[in-house]
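**Q** These are the residues of each chain, in order.
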Amino acid sequence: MTEKYTMPDVKGHFGPYGGMFVAETLMPPIQELNAAYQRYLKDPEFIAELDADLQHYVGRPSPLYYAERWSRELGGAQIYLKREDLNHTGSHKINNTVGQALLAKRMGKTRIIAETGAGQHGVATATVAARLGLECVVYMGAVDVARQSLNVYRMKLLGATVVAVESGSKTLKDALNEALRDWVTNVDNTFYIIGTVAGPHPYPAMVRDFQAIIGRETKQQCQDMIGKLPDALVACVGGGSNAIGLFYPFIDDESVRLIGVEAAGDGVASGRHSAPLCAGRPGVLHGNRTYLMADDDGEIIETHSISAGLDYPGVGPEHAWLKDTGRAEYVNITDNEALEGFYALTRMEGIIPALESAHAMAYTMKLAPTMRKDETIVINLSGRGDKDMQTMAKREGIEL
Amino acid sequence: MSRLAATFEQLAKSGRKALIPFITTGDPTPDFTLPLMHEMVKAGVDIIELGVPFSDPMADGPVIQRASERALAHKMSLRKTLAIAAEFRKTDQQTPIVLMGYLNPIEAMGYEGFANAAQRADIDGVLTVDLPPEEGEQCAALLKERGIDTIFLLAPNSTNDRIKKMAAVGSGYLYYVSLKGVTGAGHLDAADVENKLKQIKAITKMPVSVGFGVKDAETAKTIAALGDGVVVGSALISKIENNLDSPEQAKSEIIALLSAMRQAIDK
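Protein sequence lines correspond, in order, to chains X and W. Using the working numbering, the final residue of the first sequence is 400, and nothing's skipped along the way. Using the working numbering, the final residue of the second sequence is 267, and nothing's skipped along the way.
Chain W on its own, in the form it takes in the complex (with noise of 0.2 Å):
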């Protein structure tokens, strides 16, 4: 069983719902993020995700696209990244590490290249913002072939049809889009979710998560209670960009807000 499948079971069985948080590697330095990582995990988080910067990240907000910047300009890379995740899973081996990012930079080292450095780093699961089932059912096999997840985005204006194709071709859990928006928006509404993840679980079993908008941990409880875990993106990066001539402060105002968030949903 993949690390992420078990994760969700582990959490089913408890009751619990999954925090997941997205950082963006390598913002605002290289060195920042691998600490932050076991850090987090201490505050209780169960999967994390760690953004590869991308030069172009169409579907970010402006929150994401400053780290990115920021990321880049230290030459974080999909490398760099994994090299990041390996060094991570030396001393930990149980939480899982999703990639997210943009495709380019797989299409630059090509996708048998990419699975098998993904697989060398112990990765679990990887989220390609552009690259949906149609056409990436050929990297989603080699990741699959050495025990990759493949995650798809699902969004409110998904189809029944496109639900069915992602969870065909996805596995650990699909990503549900709380919002028709970039990451870091405001305008969240519980209700819609709500009748969406109705639809979404009518079709498949897999686990959700949900993000895009989730700001606090009042927000993280209620969206948490409505599918199988809950991402918490634009929020921490928040932190990072109003501290950074204090990288500590940063980081203790993102334990902060993920503890917050893990005690307000576990309640």
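Here chain X stands alone, though its shape is the one from the complex (with noise of 0.2 Å):
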């Protein structure tokens, strides 16, 4: 790749992904929306405001932590963890949340709505929806109530309402089936603000750029720190935005492997899983040509993860992208890796991972014992675990 990469073009493609795949009813919003992104994105003061957020209220920058004893353990790479779960409300969301946030203040939108799977985003719109003053709903599909009755609880002390989705497979694909059907209805007073580097442009590319704070603090951290870039960035992938966020500052540094972690589920073998990249195929959903879980017919298949924010049968365009063109590589790990993983850093470092962060951790469980001592790995921490304690408690045998 010798010419700067410049990932979508106008019409918000990725190559053949991406796009604007809506009803006719969102075409004009999108496109509002798309002209106040472009606008914005050059503002100086909306800029200066968001930094100003992200330092202030979000806690930015989040730390380049070295794992040291976790590295010396694997006996091969050394490890940093970029630390997402200690950004306010838990997670990498709230980057693009209060950053959206923004947005739908200066296009007065006075409603906002969300999806969410895991509750992370949900909780971080919910959050930046209570700091502006705006009235919020959140759609959560019913499984994922259940299983993450915690941020269920958060959101509404939030003051946001929370709607549990009963269609479908009632996780977080429907919850934006639902959201979408809201945006259709109440389109004139109503910001969307997507959680991943999914949905129609400029959605993936307006999620990424609020996410790439990450990739570019880790940027500076590793020179500040080792010297020199890292040889491998590893971050999960549901949708994709936390991985995104951290490789996109990387993409033209050829030397830098880019390795994102999707969920096997029971195994990619098995069916069972939430890996369209490693095991699925293009087409179109959620308003974007992307990698798909779907049967021959094109219907999506249900998927499964046993961390609810990994549980989506797409996948962000550009993440679809730079498979084909093999900048980046995806692999998978199933639900008994991802729980070593959860182990592993608990024990190791005293840092309990989200379940979706744990797919990382337990991929560099295999990958740095394969590299040199001398050479760096980064992981994207993009999520704590408090949210998953009902999970894993259950898993044990234990009531809370």
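Read the hints as simulated data drawn from the structure, not as lab findings. Just to be clear, a hint being listed does not mean it is correct.
Simulated pairs of lysine-lysine, DSS-like, Cα-Cα distance not exceeding 30 Å [said to hold, decoys possible]:
#1 X/K170 - W/K164
#2 W/K164 - W/K198
#3 W/K80 - W/K215
#4 X/K170 - W/K239
#5 W/K144 - W/K80
#6 W/K75 - X/K11
#7 X/K170 - W/K75
#8 X/K11 - W/K42
#9 W/K251 - X/K11
#10 X/K219 - X/K366
#11 W/K267 - X/K11
#12 W/K215 - W/K205
#13 W/K205 - W/K251
#14 W/K144 - W/K164
#15 W/K144 - X/K170
#16 X/K11 - W/K144
#17 X/K11 - X/K42
#18 X/K170 - X/K323
#19 W/K221 - W/K239
#20 X/K228 - X/K323
Residues of chain X clear of chain W, computed beta-carbon distances all greater than 12 Å [said to hold, decoys possible]:
#21 L50
#22 R131
#23 Y153
#24 K173
#25 R181
#26 D374
#27 E396
Per label pair, the in silico range of CB-to-CB distance [claimed, not checked]:
#28 W/A202 - X/G267: 37 to 43 Å
#29 X/A142 - W/D245: 24 to 30 Å
#30 X/S255 - W/A202: 34 to 40 Å
#31 X/G133 - W/Q94: 42 to 48 Å
#32 W/E137 - X/D252: 29 to 35 Å
#33 W/A256 - X/G15: 50 to 56 Å
#34 W/A225 - X/D43: 36 to 42 Å
#35 X/D296 - W/I203: 39 to 45 Å
#36 X/S255 - W/I203: 53 to 59 Å
For glycine and all other residues, C-beta sits at the position ideal for the given N, C-alpha and C.
Starting from the two chains in their separate frames, assemble the complex, guided by the hints.
**A** Below is the structure:
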């Protein structure tokens, strides 16, 4: 790759992926959003306000932490953790919701809607809506409402209305469907804060740009701490926002391996998984063309993962493009392997990761020993594990 | 001339408006659809919109969502929908059939493969909810080569530029979504529809059908008077949903509603 990376094109395409595949009622608001985004992206006042919020409200920059003990134990590459778990609300999701909420305010929208899987994006959205005094409705699959009840309570505390979605598989994709239906109905006063790098253009590019602070800080911190670029970046991929946030500023740095870790659930061969890049096919869902889990008739297949945040049949279109071009690699980790990653980080470093992030930990346990001691891996520790305490305790047969 | 163009021309000559039912193919069971299509023609409908069930019908309200779920439970698919359409065509060469659904089943088949299959089934038009003209030119061209119309949706917030774009890429008719919302919603405003149709008609001569929120004969009459045709979907599918233990009852209630609409529109 000798030319500078400039994706997407003006129509929101990453090669054959991305685009604006939506019903007509949503075309005008998406175009309005795109115009506003393109304008404020270059507006010094907007950027200054966003930077101030990221520093004082979110708590950025997040540390890059050297996991010395764990690195020694694995016996290969040196491992660094980008501590997005230390952000306000406990994950990288807030980087994006702060940005989109500022846009919503500038566009004069009074009502915020969002979809959520694990609840991290829902909490991050309810948080910024509370701060700005905006009405907030969060759509969440009924299955996820049950397995992430702590986050449901947090959202309600913050003043949001949480709607349990009973249609389809009752998980993240159905929450997205329902949020889109709400948006179609309330398009005049409502701003839809999508939580991942999916949806119609400009969402994949816009969410990426708001999340790219992760990679920009990482680059600077690597320079300060080790005096060079890292050799590999590892991040979990559901929709793919934390991964793209870390990867994006490094795309032109060809020496840096970009590794996305999908959720293999019971194993890719079992068919019960959430790994469209590893085992899916291109198609169109939720406004963009990307890799999907679908059957021969084009119907979307139900996904499975221990982590609600990765339980999604699609993936951001930019990941599809990075896969096809070979710039990024995509691997997968089963539920059981993710649990090993979860326990390893907890016991070796005293950091309890979210089950989503634990997938990236688990892959690093395979990768690090194959690398030299003078090489460096940065993992995006995208969220903290507090929300998963009930799930974990239940697995261990403990009643909380 | 395409079957759709001929139908609208014929209707215009006799000063009538098109009555266009939408049903989800395979709801509640695969064998329900074909006989219903023939019965609907007898009841006086002009065009049939066949819904292709999809797992994630983002623009549909709960009634059509559940219809999709029922059909998918019996493994209904785009391929099987085309087979039913082809079967219908064996005994009815007049009534145009429009496929209405979402893009992913077409993507799975491949645009060219789909266009060929639609031609073999003698389909007249294709309306893909999540394929706006910006993304849909390739598919529309393949269909056009085979004499199949591409029908686009227009919404209350569609701008003049967008109306022009639909008129340029689309053919057959335009489908005006009468309200901001999902199918089956209930706050259709006739005055709003009238104003918007004036705006659309000033831009294109293509026939405009109006749908979303048409529940009874009276609404059908009001809406038909404003455009060239009226589409009714959720109100019909509700009859199926309310009579899941008796498909024959569902069918007779659907036919009764369509007959009443036909009468009201023609009055």
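**Q** Any hints from earlier that this structure breaks? Give me their numbers in increasing order, please.
**A** Hints 1, 6, 8, 9, 11, 13, 15, 24, 25, 28, 30, 31 and 34 not satisfied by this model.
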